[in-house]
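K.L.:
Under this note's numbering, think of the first position of the sequence shown as 141, with each following residue one higher.
Simulated from the structure, these hints should not be mistaken for laboratory data.
Misleading hints may appear alongside valid ones.
What the hints assert, rightly or not - Pair ranges (Cβ atoms, derived):
1) S152 / D320: 24 to 32 Å
2) R260 / R171: 15 to 23 Å
3) Q208 / E187: 31 to 39 Å
4) E161 / R318: 34 to 42 Å
5) A317 / R255: 35 to 43 Å
6) R245 / E187: 14 to 22 Å
7) G160 / S343: 37 to 45 Å
8) N261 / G160: 12 to 20 Å
9) V323 / G160: 30 to 38 Å
10) G275 / H333: 31 to 39 Å
11) P314 / D234: 29 to 37 Å
12) D320 / R255: 35 to 43 Å
13) H311 / S152: 13 to 21 Å
All of these numbers come straight from a predicted model, not from anything done at the bench.
No residue lacks a Cβ here, since even glycine has one placed at the ideal position from N, Cα and C.
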Amino acid sequence: MKHEGWLERAASYVGLELTGEQRAKLEVFGRWLGTEGATGGAIGPNEAARIEQRHLADSLLFAFPWRQGPPPALMDVGSGVGLPGIPLAVAWPDCAVTLLDRSARRCTLARRALRILELRNVEVRQGDLESVESGGWHAATARAVSGGWQLVEEIRRVLTSEGLGVVGGSHTTPPVARSDIGVVEIPGEVLDHPVWLFIIRSS
141 MKHEGWLERA
151 ASYVGLELTG
161 EQRAKLEVFG
171 RWLGTEGATG
181 GAIGPNEAAR
191 IEQRHLADSL
201 LFAFPWRQGP
211 PPALMDVGSG
221 VGLPGIPLAV
231 AWPDCAVTLL
241 DRSARRCTLA
251 RRALRILELR
261 NVEVRQGDLE
271 SVESGGWHAA
281 TARAVSGGWQ
291 LVEEIRRVLT
301 SEGLGVVGGS
311 HTTPPVARSD
321 IGVVEIPGEV
331 LDHPVWLFII
341 RSS
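Can you build the whole structure from these sequences, using the hints too?
P.N.:
Encoded structure:
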């Protein structure tokens with residue numbers, strides 16, 4: 141049975157208030173993910189029925205560290221076709237979002253999605269995190285990329301002195317934490333399963 145209100149649950153938990161226009165843009169993005177995006181390999185073949193819960197609402201949870209207001213700029217590492225970067229850009233129209241991915245094909249798909257959504261606060265950048273300048277980013281996210289602790293250190297490297305990074309953790313078991321990295325557990329009632337996020341500070 142389809143559960144209504146995943147976006148509202150996630151948004152409420154992280155302090156976002158979605159307007160009707162923002163909700164509509166997220167719905168358009170969801171439909172695109174399930175059609176052109178799925179054909180291009182943006183999501184798995186069996187995920188079309190769970191796009192709102194698994195991809196859109198889940199992406200909004202990455203706003204957790206900025207519940208008092210969005211950062212001025214955000215880099216989404218390994219963004220693919222814009223997860224979580226595009227949902228965050230929709231929710232934060234005053235935040236300049238950069239989608240970083242090494243795949244030319246995924247970058248092309250992301251640019252296509254941006255044209256459809258008419259988002260003006262997002263740019264797509266093809267490349268690796270290693271090529272990104274140190275200390276220049278207020279915020280960074282990484283939702284579904286590999287790299288382990290090396291990824292955490294690379295994200296820390298690119299943050300400003302007051303910057304914050306959020307890396308998606310497990311959806312099944314609590315992740316192994318480190319003393320220098322915060323772990324936030326999003327309770328199961330938000331998305332019908334717990335979500336753990338790593339919170340990274342520059343120092």
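K.L.:
None of the hints should be skipped; say for each whether it holds.
P.N.:
Each hint, compared with the structure:
Taking the beta carbon of each, S152 and D320 are about 30 Å apart, inside 24 to 32 Å as hinted. Checking the proposed 15 to 23 Å range against R260 and R171 shows it holds: the Cβ atoms sit about 21 Å from each other. Separated by about 32 Å at the C-beta atoms, Q208 and E187 satisfy the suggested range of 31 to 39 Å. Here the CB-CB span from E161 to R318 is close to 40 Å, well matched to the stated 34 to 42 Å.
In this structure, A317 and R255 meet the distance hint of 35 to 43 Å, their C-beta atoms being roughly 40 Å apart. Checking the proposed 14 to 22 Å range against R245 and E187 shows it holds: the Cβ atoms sit about 18 Å from each other. A C-beta distance of roughly 41 Å is found between G160 and S343, which places it inside the suggested range of 37 to 45 Å. For the pair N261 and G160, the beta carbons lie near 19 Å from each other, so the given range of 12 to 20 Å is met.
The hinted range of 30 to 38 Å is satisfied by V323 and G160, whose Cβ atoms lie roughly 34 Å apart. Restraint check, G275 to H333: a C-beta distance of roughly 36 Å satisfies the suggested window 31 to 39 Å. For the pair P314 and D234, the supplied restraint of 29 to 37 Å holds, since their beta-carbon distance comes to about 34 Å. Take D320 and R255: their Cβ atoms lie about 40 Å apart, and the range 35 to 43 Å holds.
For the pair H311 and S152, the beta carbons lie near 20 Å from each other, so the given range of 13 to 21 Å is met.
Hint violations for this structure: none, all hints satisfied.
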